[in-house]
Amino acid sequence: MAQLSPAGISAVQDIAQRHGFSFDAVQSMLQSVINGNGSMAQFSHYEFGGGGQWMQGGMTMIGDMFNNYLKGRVDNLCSELSRIIYNTNLFVTVAAAPNWWGPDLNYPNSAGGQNGMRYAWFSQARRLAIEANGQVIVYDTLDHNIGGVSQQQSGGYSVTFSSQYGYVDLSRLPVVSINGQPTLVPAPAPAPAPSYTPSYNNSNNGYSNNSYSYSNAPQNTFAPANTSAPSSVGDSDIFASIEKLAALQSRGILSEQEYASKKADLLSRL
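Position one of the sequence shown corresponds to residue 1 (UniProt numbering), numbered consecutively onward.
These are calculated hints, taken from the structure and not from any lab test.
Only pairs whose alpha carbons sit at most 20 Å apart, straight line, appear in this in silico SDA-like list of lysine to any residue:
{"id": "1", "residue 1": "K71", "residue 2": "R18"}
{"id": "2", "residue 1": "K263", "residue 2": "I238"}
{"id": "3", "residue 1": "K244", "residue 2": "L270"}
{"id": "4", "residue 1": "K71", "residue 2": "S22"}
{"id": "5", "residue 1": "K71", "residue 2": "S82"}
{"id": "6", "residue 1": "K71", "residue 2": "D24"}
{"id": "7", "residue 1": "K263", "residue 2": "G252"}
{"id": "8", "residue 1": "K71", "residue 2": "G58"}
{"id": "9", "residue 1": "K262", "residue 2": "A247"}
{"id": "10", "residue 1": "K262", "residue 2": "D237"}
{"id": "11", "residue 1": "K262", "residue 2": "G252"}
{"id": "12", "residue 1": "K263", "residue 2": "S250"}
{"id": "13", "residue 1": "K263", "residue 2": "A247"}
Label pairs and their in silico Cβ distance ranges:
{"id": "14", "residue 1": "I242", "residue 2": "Q164", "range": "36 to 46 Å"}
{"id": "15", "residue 1": "W100", "residue 2": "S163", "range": "14 to 24 Å"}
{"id": "16", "residue 1": "E258", "residue 2": "D169", "range": "32 to 42 Å"}
{"id": "17", "residue 1": "D169", "residue 2": "A247", "range": "23 to 33 Å"}
A virtual CB, placed ideally from N, CA and C, is assigned to each residue, including glycine.
Working from the sequences, and respecting the hints, build out all of it.
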């Protein structure tokens, strides 16, 4: 039971005196009424005839079932305790424990946990807090809109989160603090900008507006043939270059005209 405040002790003493019960008995019943949300109580104390039940506006039962006088006293006691728990500050106010993510962040947009790991995401502050193995790490989420966090333990412990960009490893995010202490870990290098590669459509002799491919991976590029290259370049190197040109043309990176021009340039060196 929580510690009674001075006002709570005084109230319990006064009630005990007026109802003819001991301080210990009234304090025990007070806890039972609180556990019943002020509308019922399940108690066990010898001063109340042993074990019994009380329900507001209902029947009161005690162990000494034929002792109607004691039953009436118990009912009156519970009714008064039910009233004072809502009108009197009976207990010492204890300061709320700080949130595990620290005092710098308020209310998370989403929070959860699994297998000894828990997280909290703060949209406005652009922060993601992760607690695992007794360590709290706060990340800068940049422009990610967190949709969930998953934990993978196959091949080593790792945590990833999902955003509008898909699943992203936390190691790609800047670390703001570890256990409340600011860190000087540099921000990771930014991901390469998405590249758009138009595919050439022969049917309309031009570029199609709706046939673009998106990729974050670096695109393969073919360096133009060096016209000043020495004439000792082997025939096998020239044919290998022509094969690469053909592959690029089939992927739409080179047009037919570009492919024919570069192929002719290479063949002129044979």
